[in-house]
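Student: One letter stands for each residue in the lines below.
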Amino acid sequence: MAIDKERQRRNIERFIAKMPSLSTTVGKVMEICSRTDASPNELNKVISLDPVLTGQVLRLINSAYYSLVNKVTSLTRAITMLGMNTVKNMALSTAIIRSVAGTKKSKALPTTKFWAHSIGAGVSAKLLGEVKEVPVMEREELFLAGLLHDLGKVPFGDEYIEVLNIAKFEQLPLYQVERDIMGIDHQEVGLLIADKWKLNKVITKCIGSHHSVGPHDGGHGQQLALVALGNIYANILDHGYAGNPFPLEEEVGRLLDLAGLSQEQFCGIGGRVVEEIQKAEIFLKI
Amino acid sequence: MKVRFWGVRGSIPSPGPTTQKYGGNTACIELRVGPENRLIIIDAGSGIRSLGNALMANDLPKGPINADIFLSHTHWDHIMGYPFFTPIYIPGTKLRVHGPVSFEDDPLEEVVGGQMKYRYFPINLGELASDVEYFRIKEDPDIDLGDGLRLSTKLLNHPITALGYRFEYDGRVVCTCYDTEPFRNLFITDPDDPAYDEAMAFEGNEVAVEQNMAIEQFFAGADLLICDSQYTDAEYSSRINWGHTTMEYAIGAANRAGVKKLAMFHHDPDRTDAILDDFAKTYCQPGKYGDTEVFFAREGMEVEL
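Going down the list, the protein sequences come from chains A and B. Every letter in the first sequence is one number past the one before it in our numbering, and letter 196, counting from 1, is 196. One rule links them: number in our numbering = place in the second sequence (from 1) + 1000.
Honestly, the hints are just simulated from the structure, not real lab data. Be aware that a few hints might be false.
Unchecked claim - Partial chain B-side listing against chain A, Cβ under 10 Å, derived:
hint, residue
1, L1145
2, H1158
3, N1185
4, A1195
5, E1206
6, A1208
7, C1284
Glycine residues also receive a C-beta, built at the ideal position from the N, C-alpha and C atoms.
Just need the whole structure built from these sequences, with the hints factored in.
Tutor: Written out as structure tokens, the structure reads:
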């Protein structure tokens, strides 16, 4: 079955045009969370402007993670009992994951498995960042970049099954088959979404170039290499599925050199990745 | 049950001639339960080193050491003694380390064991000869620890997740309530402030009152309450949000809750023996608070229940 490249591109562009913008709440939550002097009143107000987000934050607090004896039923209560930092972190993660997860159901890439892969890549990139001792705030950025690296696969429809099959049988990198068959790869599609959502430079770069990491990537070479390695780690771990199980061995070696990591350091994050993934998956269940 | 204090200080060890009487080691409490003398350790501050030595001398000759360590939280003064607790290096030792972890933190093993990396300490966590298991615990009204010992835990108010522990055995109750600060209304209460929100101000107050009452209920009727009392009321105004309680508040709460003995704990590192003795004249007079006996916890002190 041949896929009409022109039609495919139009479909993708139409899908992206219809995708919701990153909500103003998410923008405001991001802003409040990056300020150390934000007051409890401000945090409460920003989250409560969005009733769905409020509900999700409260459900998260009442999930297995804290499981307090008495249920937390309001943001005011949550902030009083658990403090600003905890509520800030929960709101930020919830808001971002909500904006990207659940936008579409696909037969080619089942939603849960797709986001499990994405979380795995984010967590792995963050832990590799920890090994490299990057500052804490930048580790969160690595998590987000890893989480969103395959964002460009979200608009693909059921015809993507064919792409996956060809990549599997011919053992070719997915982005290459995407280009051959559909005329566009998921990195390019991801860039279109990143542009629409006005994501920051590092995250955008990781979405657009995680399969083509060069030595001089505009000062973001290390982050890019860490996210690309996080993606590979999630594939090796076989946790979740985003259709790309064939990392080339020489590619791993090259990325490790770029990131300044040894093979042992790369493998050493093992046990913690699974635990971090389970923690992050709480967000997907709500 | 029998309690022995191995460390009573808060924040940082404070050795020297001015702290000899009350002791300079940070939090560590030994709890012995029942006819088998079951060992429970609460917190692994610098005081746990001497406890470890005592176990090596007195317990090890009778058989391998088997203990549960409960961490109130993972701030440094409550875990810093862990690498110096000799039984962790002895094959055959069985330890179960229990403690809370904040949402944004790593697993308990990483948080506690992270100080055993070559950059901080000559021995790596992976090299321990003993058998140590780590358990993350949450707020829970009833945990069965076996042998008739029951535990309930309560979320306290501290910058990271901290738990109070209530141990009950044979009708006796030992309770810890540190590090914690009374909950308070965090929201703007001044109606003239542009950010004032009536509903937030009202509910913020309600939740604080209710949570403070819940903590009093948690230690109600305890035979011994070991409570954060780092500051005095006079000092508190410049230490709001630091996560600690005042002596006056601890006494009032213990008294309202019908606590029989209140051990004031987590002494500020700047408190000398002379100052604490002086405070004791004010706060620890026998009979001053009805049936509640109040004293400052002291290193080496034993309380039999």
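Student: Does E1206 of chain B meet its interface restraint, that is, does its C-beta lie within less than 10 Å of any C-beta in chain A?
Tutor: 9 Å, holds
Student: Going by Cβ atoms only, is A1208 of chain B closer than 10 Å to chain A?
Tutor: This hint holds: A1208 of chain B lies near chain A, its Cβ roughly 6 Å from the closest one there, short of 10 Å.
Student: Quick check on the hint: C1284 of chain B CB to chain A CB, less than 10 Å?
Tutor: Where the cut-off is 10 Å and the nearest Cβ of chain A is about 32 Å from C1284 of chain B, the hint is violated.
Student: Would you check whether H1158 of chain B satisfies its interface hint, that is, whether its CB is within less than 10 Å of any CB in chain A?
Tutor: 9 Å, holds
Student: Hey, does the A1195 of chain B contact hint survive, CB to chain A under 10 Å?
Tutor: 5 Å, holds
Student: Less than 10 Å between beta-carbons is the criterion; does L1145 of chain B satisfy it with respect to chain A?
Tutor: 18 Å, violated
Student: Under 10 Å, Cβ to Cβ, is where N1185 of chain B needs to be relative to chain A, so tell me if that hint holds or is violated.
Tutor: Holds - the Cβ of N1185 of chain B comes within 10 Å of chain A, reaching about 8 Å at its closest.
In the structure shown, a violation is registered for the earlier hints numbered 1 and 7, in ascending order.
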